[in-house]
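Visitor: Residues per chain, in single letters:
Number of protein chains: 2
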Amino acid sequence: MKSSTETLEDISVPEAQACILDRIAPLDAEEVKLAQALGRALAEEVRANRDLPPYDVSAMDGYAVRAADLIEIPRTLQIIEDIKAGDTPRHPLQPGQCARIMTGAPLPPGADTIVRVEDTHALENDQVEFPVPIKPATDVRLRGENMRRGDVVLQPSDEITPGTIGVLATVKQAVVKVVRKPRVAILSNGDELEALDDPLDPHKIPDSNSHALMAQVQALGIEPVLLGIARDKPDELTDFLRRGLEYDVLLISGGTSVGVHDHVRPTLTALGVAIHFWRVKMRPGHPVAFGTLGRTLVFCLPGNPVSSMVCFEQLVLPALRRLMGHRRLFRRTIPALLGQAVKSRQGRTEFIRATLSRDESGVYVVTPTASQSSGDVLSMTQADVLLVAPSELSELSTGKTVQVQIQETAVWQLSPDT
Amino acid sequence: MKSSTETLEDISVPEAQACILDRIAPLDAEEVKLAQALGRALAEEVRANRDLPPYDVSAMDGYAVRAADLIEIPRTLQIIEDIKAGDTPRHPLQPGQCARIMTGAPLPPGADTIVRVEDTHALENDQVEFPVPIKPATDVRLRGENMRRGDVVLQPSDEITPGTIGVLATVKQAVVKVVRKPRVAILSNGDELEALDDPLDPHKIPDSNSHALMAQVQALGIEPVLLGIARDKPDELTDFLRRGLEYDVLLISGGTSVGVHDHVRPTLTALGVAIHFWRVKMRPGHPVAFGTLGRTLVFCLPGNPVSSMVCFEQLVLPALRRLMGHRRLFRRTIPALLGQAVKSRQGRTEFIRATLSRDESGVYVVTPTASQSSGDVLSMTQADVLLVAPSELSELSTGKTVQVQIQETAVWQLSPDT
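Chains as they are written, first to last, in numbering that gives the first Met the number 0: chain G, 0 to 417; chain F, 0 to 417.
Since the hints were made in silico from the structure, they are not lab data. The model shown is predicted, which means the values in this text are computed figures rather than measured ones. Heads up, some of the hints might be wrong.
Identical chains blur together in the list; that is why a pair holds if it fits in one copy or across any two.
Stated by the list, open to error - Quick list of in silico lysine-lysine cross-link-like pairs, DSSO-like style, CA-CA up to 27 angstroms:
#: 1; residue 1: Lys232; residue 2: Lys171
#: 2; residue 1: Lys176; residue 2: Lys203
#: 3; residue 1: Lys176; residue 2: Lys232
#: 4; residue 1: Lys203; residue 2: Lys171
#: 5; residue 1: Lys171; residue 2: Lys134
#: 6; residue 1: Lys176; residue 2: Lys342
Using the sequences plus the hints, can you model the full thing?
Guide: As structure tokens, then:
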């Protein structure tokens with residue numbers, strides 16, 4: 000991992016992401032129960048503890064037969080047994096015999112093929128007629144077909160999805176070793192801020208950023224701690240920052256400007272934090288800083304609500320996902336046609352709040368929201384994607400294909416398309 | 000909402016989805032704290048409780064000026080005050096005067112424009128030179144520009160995202176009325192099943208489905224209750240089902256086949272459950288049933304691990320999201336080119352496990368996983384999307400555009416594309 004004391008200034012988004020990620024390794028491992036494991040990254044490889052299926056089983060409800068008996072059809076066979084899942088067959092099949100069998104039940108010795116119940120005619124006296132030609136081995140799942148004892152079935156860093164939980168339950172891992180979650184602290188900063196529980200003061204600005212950041216962190220499965228609001232008094236700020244630096248990650252909202260009143264950066268430096276970069280060529284979100292103290296990551300995020308959220312998305316989110324041990328660190332992007340022309344300032348990456356829709360032929364179209372003001376937190380509820388306007392272009396014309404980052408609501412859609 | 004006692008048989012996926020959703024309304028409301036609200040649906044409209052910004056504020060660090068003073072440039076003005084966020088300006092600006100101002104700070108009376116600090120030259124004696132022409136009203140955020148007191152800012156059924164949390168904190172809703180979550184019970188069923196805590200028995204099949212279903216439910220933000228494994232004894236099954244029917248939703252894994260040993264459907268019927276459909280034209284997942292008792296929804300899911308998960312995705316997931324009050328009920332689909340030809344059986348919708356990648360020009364390509372066996376739970380960890388093969392086609396050729404449903408891992412990607 001990189002370590003350097005130089006502060007980069009006014010760098011590109013990819014440079015900022017690399018600067019951050021180069022300094023992060025996954026956190027240490029912990030053991031959790033299966034019911035707490037969803038969304039975590041595995042910290043160990045997992046092996047199969049048995050063959051699956053454990054024996055040759057039927058894939059259908061029907062009859063277990065000897066294929067050799069059905070070379071000439073129609074043919075009538077004698078049912079000698081009923082086998083359901085969980086049973087142990089008692090009688091080997093002799094020529095002319097078959098067994099009624101359920102999905103998942105073991106084949107009796109001698110049987111090699113399953114005939115589905117809908118391809119048969121039940122007769123009297125436990126006899127059944129087979130009028131349809133059959134291919135040997137049809138609808139049989141062979142022992143060990145899905146996994147063999149000792150096989151590596153899951154790898155370290157695999158993200159634990161519902162499917163992974165299914166596999167872990169299959170190999171009977173009631174407890175699983177995963178990468179632990181980062182402990183995240185959020186600090187707001189500014190004399191103008193009014194806390195959520197304060198009475199309304201028309202001269203103050205409600206502190207929304209720390210709650211929006213809380214939710215962004217929660218969306219990754221991490222429960223952060225809100226430290227509160229530090230006022231613009233050096234001693235108070237020092238105390239707050241000292242407390243925040245005990246966490247794995249400290250997010251500081253506000254106090255990233257260059258003004259004479261800004262004490263955040265000098266106080267961090269005085270506490271020993273190395274500031275690795277300051278300002279990123281992006282909009283919104285230009286005044287953002289990143290530093291470290293030992294293994295603690297510190298992000299100074301802009302005070303504008305939208306800038307704060309967009310900086311979190313581009314810079315903090317991949318950092319938290321790497322700490323959690325994940326391989327996939329970035330939001331899924333979808334190509335979409337631009338529904339209206341977009342102007343941006345060359346030399347910086349713009350993240351434009353936008354909504355995703357489909358045209359009559361089903362192609363994705365993206366349209367910027369009316370307001371792009373970085374103070375307008377409401378616009379973040381109207382957007383379901385962030386349209387990425389690359390730094391090398393200053394204008395994107397209508398109909399051009401752009402990439403959009405899907406936000407929480409865009410993971411879902413109104414109709415199924417099936 | 001529909002009510003009927005007829006059982007539909009072998010219906011299409013859209014018919015099954017409509018049959019389910021027509022019988023569901025969002026659950027009742029409850030109040031939760033802001034820290035518990037993420038991912039829920041709002042149960043009430045939310046109005047702004049103040050103007051925002053509460054007064055005209057600076058959007059930048061710089062100087063508050065009278066635009067009339069800068070008609071001819073360069074011009075030097077006298078700094079009469081320092082204003083930071085949270086301050087109340089003390090002196091109206093007179094001609095020839097300006098005020099140093101921070102982002103978010105209120106404009107002093109008389110000021111109408113902000114000049115960014117980087118477009119100025121600081122001189123001695125609290126004087127500053129303005130060498131760049133300026134447009135009036137630049138970088139001023141007007142009072143009420145983002146929201147006005149009394150405006151409806153959020154609507155019922157809005158999904159609570161981090162941006163919504165920011166808005167709720169802005170209007171100081173520390174407690175918010177949301178649609179309550181459904182109480183979900185999961186029951187496994189079958190003599191062959193071995194519970195997670197049971198010792199390994201080579202003749203049994205590990206019960207993975209109830210845990211995979213648990214995780215699928217958890218992924219929607221709901222903590223389900225695992226009732227355990229009902230053995231194939233009518234009395235025991237009746238007891239289990241009676242307990243499960245006390246929940247909002249009962250998911251029954253296994254016991255959907257037509258065999259003589261299957262007691263689930265008759266027992267449900269005996270307990271008063273109306274079965275609305277049985278069998279859906281889909282693969283995997285054909286043997287699936289849906290019923291209701293009063294307001295309780297009952298889903299009988301197939302015993303094959305993959306069939307169970309795919310049925311959950313297509314039928315249970317939208318039902319749970321509607322109960323939670325959401326408008327967007329279905330997984331996002333992305334168009335992708337087919338990397339290899341796919342055969343499917345005409346007359347049913349196939350959901351093919353597949354992986355998403357990009358070709359060298361950035362276009363999405365989808366490739367089926369090697370195993371499509373419905374017993375192969377491992378294949379669900381290898382797939383990040385479900386490729387939808389429409390029921391009206393029997394073959395999809397390489398290069399054709401298909402829709403893929405994104406699963407948990409596909410919400411994320413390896414590189415940022417910025």
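Visitor: Confirm or reject each hint.
Guide: Evaluated hints:
In this homomeric assembly, Lys232 and Lys171 come within 27 angstroms of each other (Cα to Cα) only across copies, at 25 angstroms, whereas the closest approach inside a single copy is 56 angstroms. In this assembly of identical chains, the alpha carbons of Lys176 and Lys203 lie at most 27 angstroms apart only when taken from different copies (26 angstroms versus 47 angstroms within one copy). When the C-alpha separation of Lys176 and Lys232 is checked against a cutoff of 27 angstroms, the pair qualifies neither within a copy, at 44 angstroms, nor between copies, at 37 angstroms. Taking CA atoms no more than 27 angstroms apart as the test, Lys203 paired with Lys171 passes between copies only; the shortest distance there is 12 angstroms, against 56 angstroms inside one copy.
Taking the shortest alpha-carbon separations for Lys171 and Lys134, neither the intra-copy value of 35 angstroms nor the inter-copy value of 69 angstroms comes in at or below 27 angstroms. For the identical chains of this complex, Lys176 and Lys342 are neighbours neither inside a copy (48 angstroms) nor across copies (40 angstroms), given an alpha-carbon limit of 27 angstroms.
Checked against the numbered hints above, the structure breaks hints 3, 5, 6 and satisfies the rest.
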